[in-house]
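J.: Letter by letter, the chains look like this.
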Amino acid sequence: MTRYLNLYWYFLIQRLKVLMEYRANFILGASSTIVWQASSIAAVWVVMQKVSNLNGWNYDEVLLIYGLVTLSKSINHMFADNLWTLGRQYIRSGGFDRFLVRPIDPLFHLLADRFCQDGIGNFLVGMTLVIKSSIDLGIDWTPPRLLMLIVGVVSGGLIFIALNLITCVTAFWIVDSVPITRLVFDNHLFAQYPLSIYPKVINILLTWIIPYGFASFYPASYVLNRAAGDIAWLGPFVAALLLFLGYRFWQFGLKYYSGTGT
Amino acid sequence: MQTARRDLSIYGAFIGMMPKVFMAYQVWFWVGLVLNIISMAILVYFWRAIYNDTGTISGLGLNQTLTYILLAFIFMPLTSIDVVWEIGSNLREGTIIHHLLRPINFQGMNYAQSLGILGMRLLLQLPMAVVAVLLFGLRFPADLSTWLAFLVSALLGFTVMFFFNWFLACLTFYTTEIWGLGVLIEGMSFFLSGSLVPLVMMPEWIRTIVLSIPFAQALAVPVSLLTGITPLTEAPRVWLVQVLWILGMWLASSLFFKVAVRKITVQGG
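Listed in order, the protein sequences are those of chains A and B.
Reminder that position 37 of the first sequence reads as 37 in the numbering used here, one-by-one numbering, no gaps.
Reminder that position 120 of the second sequence reads as 120 in the numbering used here, one-by-one numbering, no gaps.
If you are wondering where the hints come from, they were derived from the structure by calculation, not from laboratory data.
Among these hints, one or two may not hold up.
[Claimed, not checked] Calculated lysine to any residue pairs in the SDA-like style (CA-CA distance at most 25 Å, straight line):
#, chain 1, residue 1, chain 2, residue 2
1, A, 50, B, 178
2, A, 50, B, 213
3, A, 17, B, 42
4, A, 50, B, 208
5, A, 200, B, 42
6, A, 50, B, 55
7, A, 17, B, 190
8, A, 200, A, 228
9, A, 200, B, 180
10, A, 132, A, 142
11, A, 200, B, 134
12, A, 50, B, 49
13, A, 50, A, 142
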């Protein structure tokens, strides 16, 4: 374990050296995500100036939900973005074989190979939203609530990573896995708003099948003393189960993998 | 006979490749459709929840707002920034030299191309129009003169955006950084074009900002005509404003281009 932590550190240092060579890109990458998020939030702000109630949630409560899912997403974006490129950049080019001959876990190698700086933008947006909304809502951060905040964000981040892992493993068969990953990943957009505004089908989907709800709606409900809040404690178990499935599927895919001949 | 067979196998491989390329695009077509449905569904349910216990917001009822949002979604290609990417990649690859040497107007050529791309993109939005009608109950306006007013305004607005994008694209002569600039413009246009909220709902000071930069001319202005938020009698005034925008942006972009092109540094090529 410490060996892997040390290794990750070395990979990170190397990556930062590369990033510092292209400083303008570094800043643009992080700020471009901020502009996109700002557009969506501006729209919510404008509308909720007129009507301050989105199915029983006020503006700051919506921001808390939005901020939590953005924080979870940023964990995935910073530390596991390389899953997206498994097929396109590593399998297609044959570069993946490099991982297989090294004495470390290939999945670890893939993840550590590229820390994605663009995720910092999402992290800052998420942090700002959570802090801003919790101050304006006057949330009393009791130990259970604080614990829930951390549990929600971390298990949310792991759910993002696990779902991307499961879908990206298909690259071992079809090489380009990006369309499939996108199909699942984009469902997190639902979780930017209270799940209660959607029909039942979407609620079930976002809770039990593509469970991004555990990244935002349920932890926020707990922190705000809402009815659906207690289910949020299931988050870590859901995340663990998905990660387990993802890792087994990865090992299965690895067994199948034979290179593209490049 | 030998060579003929060899040729056949070589060129046959190229023929065989095309369905794969096509399939790759086809996969993205279907995936894109689902992703668009997700985005559209979020917008629709968000607005329905907002209208839960109120009849009208800034004079707009739920149906009118939803019609506006769905039509803005469908006509989003009016705000696309292909010119920026086009000039950017021309600069990066150095092909811009050949274009500048040709005895035709470089800007005119690009405008024609953009119109072609716009047509394609609008055609590709047809499935989303069907989805909007079937899943989300969109009803297209039936009045012919409304459509005519919209079409004129859409074409004018698209032209405004073309010159505005041209102006922004000239910045790449100085920065040689295209990707970041493009993403930044797209992100801003997401809100400023009025694709997410009808302009009438915006607070006065935001509306002033939105109307003093060009994005809304290409989307919010024509779509407001189409949905009847802007009454038809206002159409000539709307067109006039757009024509003034075109003149201004055309002048500014041509001048900037003349200055910027002297700075040209092609990155290898």
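J.: All hints are to be evaluated individually against the structure, with a verdict given for each.
T.: Against the structure, the hints:
no. : hint          : result
1   : A:50 x B:178  : 38 Å, violated
2   : A:50 x B:213  : 24 Å, holds
3   : A:17 x B:42   : 40 Å, violated
4   : A:50 x B:208  : 18 Å, holds
5   : A:200 x B:42  : 14 Å, holds
6   : A:50 x B:55   : 12 Å, holds
7   : A:17 x B:190  : 34 Å, violated
8   : A:200 x A:228 : 14 Å, holds
9   : A:200 x B:180 : 39 Å, violated
10  : A:132 x A:142 : 18 Å, holds
11  : A:200 x B:134 : 19 Å, holds
12  : A:50 x B:49   : 13 Å, holds
13  : A:50 x A:142  : 33 Å, violated
Going down the numbered hints, you'll see the structure goes against 1, 3, 7, 9 and 13, while the others check out.
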